[in-house]
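S.K.: Read off the chains here:
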Amino acid sequence: MADSGAMSGAALPDAPRRAVNGRVLKDSVVRMSPGRLVSNPVMFIVELCFFLVAAMAVYPRGFVPVATPSETPFYVEVAVTLLVTVWFSTLADALAEQQAESTARSLRRLETSVLSKKVVTKEWSRETVPTPSKDLRKGDLVLLENGDVVPLDAEVLEGIAMVDESLMTGESTPVRKAPGDALIGGARVVSDTLTARVTANPGETYIDQMIRMVESSKRPKTPNEQAVTIVLIGLTAIFTIIILSLLGLSITLGLGGDLSVLIALYVCLLPTTIGALLPAIGLSGVSRLYGRRIVAKSGRAIETAGDTDVILLDKTGTITVGNRQAVEFIPFEGHTESEVGEAAFLSSWYDDTPEGRSVIRLAHEKGFLPRELNSLAPSEVYEFSASTRTSGIKLGRGFGFILPKGDKSGKDRGRLRRKAAMSSEEEEAASEYEILKGAPDSIRKLSGNVPPGFDKTVESISAAGETPMAIAKNGEPIGIIRLKDVLKPGIEEKVQAVKMMGIRPVMITGDQPLTAKSIASEVGISEYVPMAKPEDKFRIVQAEQAQTHVAAMIGDGTNDAPALALADVGLAMNSGTEAAKEAANMVDLESNPAKIIEVVLLGKQLLMTRGAVTAFSIANDVAKYFAIMPVIFAAAYPQLSAFNILGLGLHSAVLSALIFNAVIIPLLIPLSMRGVKFRPASTMSLFLRNTMIYGVGGVVVPFVGIKAIDVLISVI
Amino acid sequence: MITLLQFISVAAILGVTIVIAWLLAPYVTGVFTGKSSPLDRLFGPLERAVYRILGVDPQRGMGWKEYFFAGLFVNVAQMALAAVILTFQGSLPLNPMGFKGLSWDLTFNTVISFATNTNLQHYAGEATLSYLSQMTAIQFLQFTSAATGICMGVAFVRGFVAGSKDLGNFYVDFTRSITRILIPFCLVAAVILVFLGVPQTISGYRAVTTVEGAAQSILVGPVASLVAIMQLGTNGGGYYGANSAYPFMNPNPQSNILEIALMLLLPTVLVFVFGQMLGKKKETIPILVGAYALFGIDLAIAFIPAAPQGAGIETRIGGFYSVFWTVVTTAVTTGSVNTTLSAMHPLVILSAFMGMLIQSTPGGKGVGLMYMVMYVVITLFVVGLMSGRTPEYLGMKITGRDVKLVMIAFLVHPLIILIPTVVAYAGGFAQAVGVGTNSVGFTQVLYEFTSAAANNGSDFLGTAANTPFFNVATAVVIFLGRYVPIGVLLALSGSMLGRKRNPEAGLKTDGLLFSAVLVGSILILVVLTFLPFLAIGPILAYLQGHVNFFG
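Residue numbers (this note's numbering), protein chains in the order written: chain A, 1 to 716; chain B, 1 to 551.
Read the hints as simulated data drawn from the structure, not as lab findings. No experiment lies behind these values; they were computed from the predicted model shown. Check before you lean on any hint, since a few could be wrong.
To be verified - DEER-style ranges, computed between Cβ atoms: (1) A:K533 x B:D57: 48 to 56 Å; (2) A:V29 x B:G545: 48 to 56 Å; (3) A:D536 x B:G395: 23 to 31 Å; (4) B:G395 x A:R105: 55 to 63 Å; (5) A:V715 x B:K508: 21 to 29 Å.
Backbone N, C-alpha and C fix where the C-beta goes; we use that ideal spot for every residue, glycine too.
So that you can see chain A by itself, here it is in the shape it has in the complex (with noise of 0.2 Å):
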């Protein structure tokens, strides 16, 4: 398994368990009860085999001619076997119930239940009636004010505040909370006041549908689990045929086989590894999955998620780290690098978004602190207008720079404001000025007349798969701004394995083609939609499924819930709107989009495992015929010796054959929880190597392992 970014945080649900505890004992015994077994027909029926056999071992004259009085302890140790091979099994039941218990433990433990501020409007003015989060419905409003908990997944309607939720996503830092945002039930209010929509109605919520499905006895067999459930009832058809028929046969022919032989031969047949093992498998590929905070709405999807061989990465956020990062003042004739960045600076006060900030924190870096923070105030603040495409600020008299409200970047500024304050010796009498920057080609039209090396610095910029930002002071473009993508920290490898599992990668991005080109070749991507649209998703998703692909995609945005919902696999972040999560099929609560990729290794690693141990469990007949074949019909043929070619005695050869097919269950379960290992590879090279271990080594394990037990018995 490609390295996933394991969970941490002290605030996360706890992880799930596995060890065996009295109440997974206790849990496990219940589960042998022939009622609750009914479900799972292949340990059914060994357990009907158990009762048959300890009938023999009761009564063995009943049985005559198929059984012998004499052989009365023999049948107690193949009916003993027989129940303990049925109690792994239901073991291995118990203990991913108890994993998927606790997943859905720590699920609702998201779900507070709390009195919540409904607000009512009552006669041209609101009040807020105290309300449990249960009696909450879809559409209520609720007032949120510091320290309160968000009752039920709502969206932010008035007012900003910060929000803790660390308890859903790990993320120990709180967030800033605006209109239009989602909250997520279960996260505290830390500071300031809002009033928001309920969007879900109590037990409507994702983490509800989660919990349906990690409840097993709700969870519907998916597509792939019930076909490997008809080739086990058909296996189990064709060897309670041959049993029989050799039943039949003994009688007959006189061949004087015994029945517990036959039953011991029959329960060695069935597939009982994969049998047991087939529940867990399921399970644990949901816990997995939770265990790296994906909340999945339906098994299907993780399945689907296995066969995906398109993956829609949105490059900001999945590729890069975030929007551009400035990385370059560059100066045009005549000006200074240190007047481009002061420039730079001003221009990007009032800036939050990320490109804004990183200017701030370049020009920090490289000192370039304007002593006009302190001697001039802005008049006016011009926002980055779509017309315009570029943002500016105005410079007069004034008593300096006034602090944005809110969040954490305005700290920074304090401080900022304060350092500059200490540099500049003395008060110049500055003039009102104005500086712009924005988009090369609007600061031109706006200026007019661009001095030399204009063109060529932007050109070089952009054909470096870059962007150039303009800066123009009073009209006079004085240099530029080189922003540059930044790659997320081990993007590379996890597109070369995606590659390499035979996915094709699509980057989707707003960005112009050539830079879009740069970052794609950089993470070695070779198709990509440059100036997207979230909207286009639906298309690009469509298409891809036209050429019947499946294609996974990751969205946040309402505009990307359509896509969301034609998508094979939708990754929704769980920052993102009510909208997308209701669309997507899963959600991340760490809001990671990078996380899809592992998604579909995870599928993959589901499909891989229920594979392995069906094929593993398949090949282990071949050695248990042979430990079984010579003892069946040992005293009419005693020729038939020539299968054994272990060597085994005449009763431990029967007892290590079903003693090695009972301890094989609690051996696979570690691997059947954890799933196959594997490190990402084309789908031929997985074939191969899964085959040879759990095919190959599923025919010659158990010839080892069952001398071994041979050896065992014939010690004591």
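Mind docking chain B on chain A? Use the hints.
M.R.: Structure of chain B alone, referenced to chain A:
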């Protein structure tokens, strides 16, 4: 063990047969894809006349149900017709030897046996059937049953072809496989056989006086044409009770080799047709490699003991070629024999069992291919998951329903072989015809039902099994063994029509790696199912030191 020369001759015969099959395959593919050919001028008017008489619209495609039931209807109608002829042959013309009509149970057995391409014979033809019966009930059914097999196989493939809308029209396929494949191929084969000394006449048995003065009846008849279709159509029903051990059916080593090649020809052609119709010639690789690798294993087992000599072996042909023939005839479910099976070493019989239990090495024409695809689907499903994707075949996801269908198809075989075998002993029917309860006797009974279930037709019991129990039991087994898997697998193919196809990012099936896994998985499946029974049959006989089954 075999000598180097023998090894080379076996390899050469198989190699030449595969090459000829490869050369003929494009023609056969053309017949079923409606490709225009110079032969249209010859066959076109005849075929159109047939369609007009039958009232068939040759353009109308059929779904799997309609196709299957059309085939079943035609087959059952032919059974009924043949039953009338066999029952009343005593009163019908072309009966110079004055044979009486057959008993009801023998008739029941014989018509089902021949209409299903099985040709299990509980009678000796030369002493039981009139010329009319031989030419209509026997020879005609050999053409139609072979054609039915080809049609079902071709229709099955159509379901997997991208862009197919239906499985084709049964009546059209049926007509064309007779006019354009079986008749021309048989004509060529029959002419060569006549040159090799096989008689072709309808002038009655010749009474001659031997040099020693004894009177002898020379049992001739329209033999060459029958031999051609019985081998090419993997039928196996002989003109004479002794089948291809009789000099007029298989006069010399040359005819023996030719007939071996004829048996293998059409099943191998269809393996190539599979890839060609799919438009993915490489998909033939696993089918071909799977079939011939398993066939090679069968041959290796059969050639372990020294070639039999003496009783039951035709000296014209020799022990070695008798063994080779026996493996081939069971591998393609023909069932014609050139020796008595009782003369064979237990390991040869074990190898024969393998051929009949696997049924696709390369199996009967059409159905062998269907079975191999069935194994491919089971294998893909079980091991394909290990590649980390939902298993796909030809880009199509294998669903729970597909798995259910292939499991049913696979389950039919153990059911219809094992249950009647147990009943034959439990009811005393086997003991009644003189079959023992030891390994030799058990092998014979198990072989009878395995041969019936696999629609092979070779058997140990021969006319001894002409009892109501064996006649009816084997007839029922034959019927189920023929139509249930065909119906179920056609349903599988029908459900592939128009199914969403992913670009083939999954497990690649068109290479040697998958072929090897396929071979392993088929061996495991068949061994898991039948090993205990083979163990108390031929394997036990071998371990007990038997070198043949006369005892």
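S.K.: Next, verify each hint and record whether it holds.
M.R.: Taking the hints in turn, this is what the structure says about them:
Roughly 53 Å separates the CB atoms of K533 of chain A and D57 of chain B, a value that falls within the hinted 48 to 56 Å. The supplied range of 48 to 56 Å is met by V29 of chain A and G545 of chain B, whose beta-carbon atoms lie about 53 Å from each other. For the pair D536 of chain A and G395 of chain B, the beta carbons lie near 27 Å from each other, so the given range of 23 to 31 Å is met. A beta carbon spacing of about 43 Å between G395 of chain B and R105 of chain A contradicts the range 55 to 63 Å that was offered as a hint.
Range check, V715 of chain A to K508 of chain B: about 48 Å between beta-carbon atoms, so the 21 to 29 Å window is missed.
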